[in-house]
Amino acid sequence: MRPSQALRLWQQVMLSQVRDDTPDLTMRQTAILFTIYLDPPPHTVRGLAARLNVTKPVITRALDTMGALKLVSRHRDELDKRNVLVKRTVEGALFVERFGDVIIARAQELPI
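Under UniProt numbering, the first residue of the sequence shown is numbered 1, with each subsequent residue one higher.
These are calculated hints, taken from the structure and not from any lab test.
As the structure is a prediction and not an experimental result, all values here were calculated from the model.
Just to be clear, a hint being listed does not mean it is correct.
Pair ranges (Cβ atoms, derived) [unchecked claim]:
#: 1; residue 1: R19; residue 2: D77; range: 37 to 43 Å
#: 2; residue 1: R74; residue 2: D101; range: 22 to 28 Å
#: 3; residue 1: R82; residue 2: L110; range: 44 to 50 Å
#: 4; residue 1: L38; residue 2: M1; range: 19 to 25 Å
The calculated EDC-like cross-link candidates involving lysine to aspartate or glutamate, where the alpha carbons are at most 16 Å apart (straight line), are [unchecked claim]:
#: 5; residue 1: K87; residue 2: D64
#: 6; residue 1: K70; residue 2: E97
#: 7; residue 1: K70; residue 2: E91
#: 8; residue 1: K70; residue 2: D24
#: 9; residue 1: K87; residue 2: D39
#: 10; residue 1: K87; residue 2: D77
Where is the CB? At the ideal position from N, CA and C, for every residue including glycine.
Take these sequences, add in the hints, and give me the full structure.
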């Protein structure tokens, strides 16, 4: 795939997301969400901040938004009360799966 094709694919995926009335996530929120769903758990606020090289408050703000959309949930770690565990939800799993489906569909539409 050439860079221009990759950019066209990304544009088409983003346009699909905007048109489909899906939750409007920022690039950072999307990166956090995909990390939660594509990397094996457990996920903590501290671990996500380290993985994405951002501060814990950045992760917390993103999780606030995604939690309100029911894409993720947070729970205090029973073994270590200092940690906040970030968990997947059914709504979040469906969102990520649909996003993947959109990528596949738009990629198939690219000229060869």
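### Message
So if I understand the rule, the pair passes when the alpha-carbon distance is 16 Å or less; does K70 with E91 pass?
### Response
With a Cα-Cα distance of about 6 Å, the restraint between K70 and E91 holds, given a limit of 16 Å.
### Message
Against the range 22 to 28 Å, how does the distance between the Cβ atoms of R74 and D101 compare: consistent or not?
### Response
For R74 and D101 the Cβ distance comes to about 27 Å; the hint holds.
### Message
Does the beta carbon distance between L38 and M1 stay inside 19 to 25 Å, or does it fall outside?
### Response
holds (20 Å)
### Task
Could you grab the alpha-carbon distance between K70 and D24 and see if it respects the 16 Å cut-off?
holds (13 Å)
### Task
Assess, step by step, whether the Cα of K70 is no farther than 16 Å from the Cα of E97, and give holds or violated.
Answer holds: K70 to E97 is near 15 Å, not above 16 Å.
### Pair hint K87 and D77, alpha-carbon separation not exceeding 16 Å
holds (11 Å)
### 16 Å limit on alpha-carbon distance, applied to hinted pair K87 and D39
holds (12 Å)
#### Entry: Consistency of beta-carbon spacing, L110 to R82, with hint 44 to 50 Å
For L110 against R82, whose Cβ atoms are near 47 Å apart, the range 44 to 50 Å holds.
### Message
A range of 37 to 43 Å was offered for this pair. Does it hold for the Cβ distance of R19 and D77?
### Response
holds (39 Å)
### Task
Sort out whether D64 lies within 16 Å of K87, counting only the CA atoms.
Answer holds: K87 to D64 is near 13 Å, not above 16 Å.
Of the numbered hints stated above, none is contradicted by the structure.
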